[in-house]
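Undergrad: Residues per chain, in single letters:
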Amino acid sequence: MIKELFEHKRLIYELAIRDIKLRYRKPFLGFFWMLIIPLCTAIIYKILFSDFMHASSGRYPFFIHLMTALLPWAYFASSVQGATTSILGSKNIINQISFPRYLLPISTVLANLINFLPGILVLIGFLVVFHIRVSGLIVFLPVVILIQTGLSVGFALAVSSLQVIYRDVEYIIQVLLMALFFLTPGVYTLEELINKTNPLFVKIYMLNPLVGILNLYRIVFIGSYVNNMPKEINFLNTIIIPVLCSLVALFVGYSVFHKYKSRFSDYLNI
Amino acid sequence: MQIVRLNNVGRKFQKFINIDELSDSDIGFKSQAAEDGAFWALRNIYISIEEGEIIGIIGRNGSGKSTLLNIIAGGLPVSEGEIIVKGKVSALLGLGAGFQDEFTGRENIYLNASLLGMKRHEIDKVFSDIVEFSELGDFINAPLGSYSAGMKMRLGFSVAIYKEFDVLVTDEIITVGDISFQKKCFEKMAEFKRQGKSMVIAAQEMGLIQRFCDRAFLLEDGRIISSGVPAEAVEQYEMLLNKKKILSEGSRSYMVTETKRWATDMHEWGRREGTKEATIKETVIFNKWGKKTNRVKCGEKIKIRANFTAHEEIDVFHFGIAIFREDGVYCYGPNTQFDGLATARMGKRNGYFELEYNELLLMPGVYYFSAAIWDKNETFAYDYHKCNCRIEVMGDPVFGQLLSLPYNWSNLRFEMFSNKKYLPNVDYLIDKWESHVNTDSTCFESLTFLNNYGCRDTVFVTGKEFKIKTDFKVDKSLGGSLKHLFLWIGIYRSDGIYCHGCMRKIVSCGLNSEILVYPKLRLLPGGYRVSVGIWDPNANRFLAYSHGVHSFNMISDKKDHGTVYLDHHWNWYIPKGEVV
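Here the protein sequences come in this chain order: C and X.
Position 51 of the first sequence, counted from 1, bears residue number 51 in the numbering used here, the numbering being contiguous throughout.
Position 479 of the second sequence, counted from 1, bears residue number 479 in the numbering used here, the numbering being contiguous throughout.
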């Protein structure tokens, strides 16, 4: 399969570019929307949580705390959500041309990855503006992105194939993503959670691979973060769990896809 | 070289019928219905496409053309069978797969070509040719949404043909363009043909099929019902269209479609029952010399006489004589009511009735006769002797075969071989019902049934002409052993009873076409299946076969029971009733 993926890298790229072009061709501001949306979201959340509800993130501005969570989160959520309809929405292609169907969800993830990259530059820009020392660990950023991409591709493969047959998947995913968003330290900080809830819940909470991945992002971006982390953040739940989950997701996603793909042609056109 | 080969390909679709809606309208879904609520859009498709061959696919709407094209193009997986493709397939179905209205023509070329499997540098190389062929000019940089349908089609066609391919699969969209563009398409296709590329075209435009194709296949209800030279297939198609018109007027509604095929009471054989107002005293059999016997030769004249005594006066009654094979297979059971004969009022005296067969077309073996005097509606018998008259038919037995029907092969050829010695051992096929085996060296391409008008059909009338046409290939590698190979065709009842089989020598390598003719197929109503095989008597096995895969139905205006209609006539002497 890896070999096949490599053979079709051109097609994946073309499909991803198609996704992005379709999204940004018409609007006047075009590709700037890629930056404007997470920025605006961050500003809204900052006003809501930090200024009204007095949430705080200690040694670095709350705005940076939000940005480091929202950008990767947007990448994950829009990958999975976009992938649900990636097969169903391309039925005119599928009906007529034979190519590996899994290229469609994968290209959706790739499109969102491309969408995500300029956001990183903006984030680094803000770090500079807020006089925050960028961690030397930033060299590991590609690894962190890779882990998250693996997780996204796994989910994308599973939901895109399930959606063809069970059309409820789209809505279930919508609800699950919303729940998952509030189960990751995005609009609040980990310290707050640890202080306010019981230790058992915190233990379970830390098993969420997205918590680990968000922590990884903060570790590689924010210079002082790694030295001031609460003791609940450990090697296991920041690195081992995300990597394992991402591998398992890839495997399960591929198996699910493989299992259902033969039934696509029956269900696609109804 | 074979580029594409479809081997018993079938494609099943879910029907997704809404139960609520179904109850409102009593739509009857016929033949293709499968057990699990799915239906077969295609079944038993055998096609092989040679290099440089142009294949036409014709058929009515919904006959399975698009499904077939999609399967060859690789867009649709098969539900059974296999498809072997050696080479690249390019498909041109519908207007440009994956075309995006928001994109310019240029972007769409790149996207569409990548989807078709082209590499970036390949696209760059042919890009200007594509633009030129599509005659789009400056429009190539305008969004596709602003194109006319014809422009989109031209663009799609241009991209598809500039991809490297060995087989081009297309439907009739090539006929969408204006005359000058069509002409260009045809020139391009002729060029492909010269280059040795193959094409599969589905179209309603019969002129195109006849002008362009080397071979054509006619689809109906998802099966190939005709294949061969385009002109012939087109003719069949036109006949089919006309026939459907006639059939839809319901002219066959009064025909009988099913009969009794088995003795239901074998454990009661030898007994008799009845209300005894009239009793049959004895049943005797006469051979062609008029001599009393219980052994006759296969195909000879025979007369069965039943002597009876009436104890009461009976107004309405009729006689029946049935013959069963010893294993309970119902061979034939006519009665005077089915034959539309009126009997006079019966008085209290002795009489007899006789049934005379001109030819007893039953294979050698042991059979039993039943004789009965029935009431008006065959609800009860006055007297009914159940199979208590044994008869032995003599001759060369052919194992398992029930009937000895007159037949001939349409291309006459002097043949001498002892049928007995080379006869296929049909035991070999037991447990292989509805299966088929084709090999690289021998394979069956098609099997079709023709009615008395020469049309392909699957429903036939008892007593009318019936032909089985089969095309099969024998590879040259078998040339040496050719004189030992035989084509065998067998007709089975749908419950698996072997009715009749015949065989002939295979004389040449390559594509063979044989037509088996039954001048009067006397099978009675019901479902039948046909098996074909290439028998190698030396190896004592079939090199290729298709066993019970193809089916046809018999219908009749007679209500006789059994399997075969035998020419017969009745005679009787009925004592006059006493006038009161």
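Misleading hints may appear alongside valid ones.
[Claimed, not checked] Partial pick of chain C residues on the chain X-facing surface, computed with a CB cut under 8 Å:
| # | residue |
| --- | --- |
| 1 | R10 |
| 2 | L11 |
| 3 | K91 |
| 4 | N92 |
| 5 | I94 |
| 6 | Q96 |
| 7 | F126 |
| 8 | V129 |
| 9 | H131 |
| 10 | I132 |
| 11 | R133 |
| 12 | E191 |
| 13 | D266 |
[Stated by the list, open to error] In the DSBU-like style, the derived pairs of lysine-lysine whose C-alpha atoms are separated by at most 30 Å in a straight line are:
| # | chain 1 | residue 1 | chain 2 | residue 2 |
| --- | --- | --- | --- | --- |
| 14 | C | K9 | X | K86 |
| 15 | X | K559 | X | K464 |
| 16 | C | K261 | X | K276 |
| 17 | X | K119 | C | K261 |
| 18 | X | K576 | X | K276 |
Derived by calculation from the structure, the hints in this document are not laboratory data.
Note that the Cβ used here is the ideal one computed from N, Cα and C, for glycine as well.
Undergrad: For each hint, tell me whether it holds in the structure or not.
TA: Now the hints, each set against the structure:
Because the smallest distance between the Cβ of R10 of chain C and any Cβ of chain X comes to about 6 Å, under 8 Å, the interface hint for this residue holds. Look at L11 of chain C: its Cβ gets to within about 5 Å of chain X, closer than 8 Å, so that hint holds up. For the restraint placing K91 of chain C at the interface with chain X, the shortest Cβ-Cβ distance is roughly 10 Å, beyond the 8 Å limit, so the hint is violated. Annotation: interface hint on N92 of chain C holds; nearest CB of chain X at approximately 6 Å, less than 8 Å.
A distance limit of 8 Å between C-beta atoms decides the matter here; for I94 of chain C the minimum to chain X is near 7 Å, and the interface restraint holds. Taking 8 Å as the C-beta cut-off, the interface hint given for Q96 of chain C holds, the closest approach to chain X being about 4 Å. For F126 of chain C, the interface hint is violated, the least distance from its beta-carbon to any beta-carbon of chain X being 33 Å, above 8 Å. For V129 of chain C, the interface hint is violated, the least distance from its beta-carbon to any beta-carbon of chain X being 36 Å, above 8 Å.
Proximity of H131 of chain C to chain X is violated relative to the hint, the smallest CB-CB distance being about 43 Å (cut-off 8 Å). With its C-beta approaching chain X no nearer than about 41 Å, I132 of chain C sits outside the 8 Å limit, and its interface hint is violated. Because the beta carbon of R133 of chain C sits about 42 Å from the nearest beta carbon in chain X, more than 8 Å, this interface hint is broken. A least Cβ separation of about 47 Å between E191 of chain C and chain X goes past the 8 Å threshold, and the interface hint is therefore violated.
Annotation: interface hint on D266 of chain C holds; nearest CB of chain X at approximately 5 Å, less than 8 Å. Proposed proximity of K9 of chain C and K86 of chain X is supported: the alpha carbons are some 24 Å apart, at most 30 Å. The suggested pairing of K559 of chain X with K464 of chain X holds, with an alpha-carbon distance near 16 Å, which does not exceed 30 Å. With a C-alpha separation of about 70 Å, the suggested pairing of K261 of chain C with K276 of chain X is violated against the 30 Å cut-off.
The suggested pairing of K119 of chain X with K261 of chain C holds, with an alpha-carbon distance near 25 Å, which does not exceed 30 Å. A hinted pair counts as satisfied when its Cα atoms are at most 30 Å apart, and K576 of chain X with K276 of chain X qualifies at roughly 19 Å.
Of the numbered hints given earlier, the model fails hints 3, 7, 8, 9, 10, 11, 12, 16; all others are met.
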